[in-house]
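Numbering (the numbering used here), first residue to last: -10 to 286.
Keep in mind that the hints were calculated from the coordinates and are not lab data. No experiment lies behind these values; they were computed from the predicted model shown. Some hints here could point you the wrong way.
List of simulated lysine-lysine pairs, BS3-like, C-alpha gap at most 27 angstroms [stated by the list, open to error]:
| # | residue 1 | residue 2 |
| --- | --- | --- |
| 1 | Lys7 | Lys24 |
| 2 | Lys160 | Lys75 |
| 3 | Lys7 | Lys75 |
| 4 | Lys7 | Lys(-6) |
| 5 | Lys75 | Lys164 |
| 6 | Lys167 | Lys241 |
| 7 | Lys(-6) | Lys24 |
| 8 | Lys167 | Lys194 |
| 9 | Lys194 | Lys143 |
| 10 | Lys241 | Lys160 |
| 11 | Lys167 | Lys143 |
Label-pair restraints from in silico Cβ distances [to be verified]:
| # | residue 1 | residue 2 | range |
| --- | --- | --- | --- |
| 12 | Leu97 | Asp195 | 39 to 47 angstroms |
| 13 | Glu54 | Asp279 | 46 to 54 angstroms |
| 14 | Ser182 | Pro156 | 31 to 39 angstroms |
| 15 | Arg280 | Leu2 | 50 to 58 angstroms |
| 16 | Val79 | Ser182 | 23 to 31 angstroms |
| 17 | Lys7 | His262 | 44 to 52 angstroms |
| 18 | Val79 | Ser17 | 43 to 51 angstroms |
| 19 | Ile237 | Ala163 | 16 to 24 angstroms |
| 20 | Pro98 | Asn210 | 22 to 30 angstroms |
| 21 | Glu11 | Gln123 | 41 to 49 angstroms |
| 22 | Leu97 | Gln197 | 36 to 44 angstroms |
Note that the Cβ used here is the ideal one computed from N, Cα and C, for glycine as well.
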Amino acid sequence: MDELKVFLTVARLKSFTKAAAEIGVTPSAISHTVKSLEERLGIRLLARTTRSISTTEAGERLINEVGPLMEQVDDAISRLSELREKPTGVIRLTAADDVIQYLIRPVLPDFLSRYPDIQIEIGIDYGFTDIVDQRFDAGIRPGDVLNNDMIAAKISQNWRQLVVAAPDYFKRYAKPRKPQDLLNHNCINVRYSDTSGLYAWEFEKDAQKFSLKVKGQYIANSTIHQLDAALDGLGIAYIPEYVADGYIKSGKLIAVLTEWCPYFDGYHIYYPHRRQDSPAFMAFLQLLRDRYNNGIR
-10 MDELKVFLTV
0 ARLKSFTKAA
10 AEIGVTPSAI
20 SHTVKSLEER
30 LGIRLLARTT
40 RSISTTEAGE
50 RLINEVGPLM
60 EQVDDAISRL
70 SELREKPTGV
80 IRLTAADDVI
90 QYLIRPVLPD
100 FLSRYPDIQI
110 EIGIDYGFTD
120 IVDQRFDAGI
130 RPGDVLNNDM
140 IAAKISQNWR
150 QLVVAAPDYF
160 KRYAKPRKPQ
170 DLLNHNCINV
180 RYSDTSGLYA
190 WEFEKDAQKF
200 SLKVKGQYIA
210 NSTIHQLDAA
220 LDGLGIAYIP
230 EYVADGYIKS
240 GKLIAVLTEW
250 CPYFDGYHIY
260 YPHRRQDSPA
270 FMAFLQLLRD
280 RYNNGIR
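Hey, can you work out the whole structure from these sequences and the hints?
Set out below in structure tokens:
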């Protein structure tokens, strides 16, 4: 038992019996604990008679100095308990910019309105971030690139990359009929990090599966930049279908070589094993899971 807490309880109730009932132990255990504290401090804290208990001068001084501190400790523990039970605090996520815009951003207004004590901090990154070292709660990446030491939950449908360009571009240049024709086009490349090479475009049809390194005048560092460049007519881009879909339907982009465009594993939210997940993070995780289970891309 906490000796100081026992002493403060006895001093407040002026009774070993009442203190024992409040703490949930025997009166003799309470008496022994107070005596042990007095022996350790080398001074008497309580004056005992057959009828009453009162604090000595030393006991009063200890109450005045330690009592407020113990209350602060109790309050802090109580707040931690609330944190464990109530969704509150900061959720730090890392993901690519297109994932944030098309997968996370649509759910934020409702989620943040529902949980006004939660903050969400986003880190834009295309690499496989060490979320433990960088102190992120979770990351979002395609399922086929995740490490086995992470817990992962699928939160999106499988998706494919599309080859697209603006109508104005195809007015000036013939549409490619096979992937190799792209080698004669102005293609919008992407380099996802300073240390990586240009991303190779992947194609698959029947028994054929290969990657193609294309050339062009414009190199972006994100999917959204590729999209903007394609809309401006700078060339042909290779971007996710969920990014291009709305622009294709509106006629602002034209998709080609669709029969060659492969599907990729859907996005997963991943987080480490053996961690104490906050109610805030678990609420957000459940929202993303529900959205996927309800068939929303």
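Hint check results:
no.: 1; hint: Lys7 - Lys24; in the structure: holds, 17 angstroms
no.: 2; hint: Lys160 - Lys75; in the structure: violated, 58 angstroms
no.: 3; hint: Lys7 - Lys75; in the structure: violated, 33 angstroms
no.: 4; hint: Lys7 - Lys(-6); in the structure: holds, 14 angstroms
no.: 5; hint: Lys75 - Lys164; in the structure: violated, 56 angstroms
no.: 6; hint: Lys167 - Lys241; in the structure: holds, 22 angstroms
no.: 7; hint: Lys(-6) - Lys24; in the structure: holds, 13 angstroms
no.: 8; hint: Lys167 - Lys194; in the structure: holds, 11 angstroms
no.: 9; hint: Lys194 - Lys143; in the structure: holds, 26 angstroms
no.: 10; hint: Lys241 - Lys160; in the structure: holds, 13 angstroms
no.: 11; hint: Lys167 - Lys143; in the structure: violated, 33 angstroms
no.: 12; hint: Leu97 - Asp195: 39 to 47 angstroms; in the structure: holds, 42 angstroms
no.: 13; hint: Glu54 - Asp279: 46 to 54 angstroms; in the structure: holds, 52 angstroms
no.: 14; hint: Ser182 - Pro156: 31 to 39 angstroms; in the structure: holds, 32 angstroms
no.: 15; hint: Arg280 - Leu2: 50 to 58 angstroms; in the structure: holds, 54 angstroms
no.: 16; hint: Val79 - Ser182: 23 to 31 angstroms; in the structure: holds, 26 angstroms
no.: 17; hint: Lys7 - His262: 44 to 52 angstroms; in the structure: holds, 47 angstroms
no.: 18; hint: Val79 - Ser17: 43 to 51 angstroms; in the structure: holds, 48 angstroms
no.: 19; hint: Ile237 - Ala163: 16 to 24 angstroms; in the structure: holds, 19 angstroms
no.: 20; hint: Pro98 - Asn210: 22 to 30 angstroms; in the structure: holds, 28 angstroms
no.: 21; hint: Glu11 - Gln123: 41 to 49 angstroms; in the structure: holds, 46 angstroms
no.: 22; hint: Leu97 - Gln197: 36 to 44 angstroms; in the structure: holds, 41 angstroms
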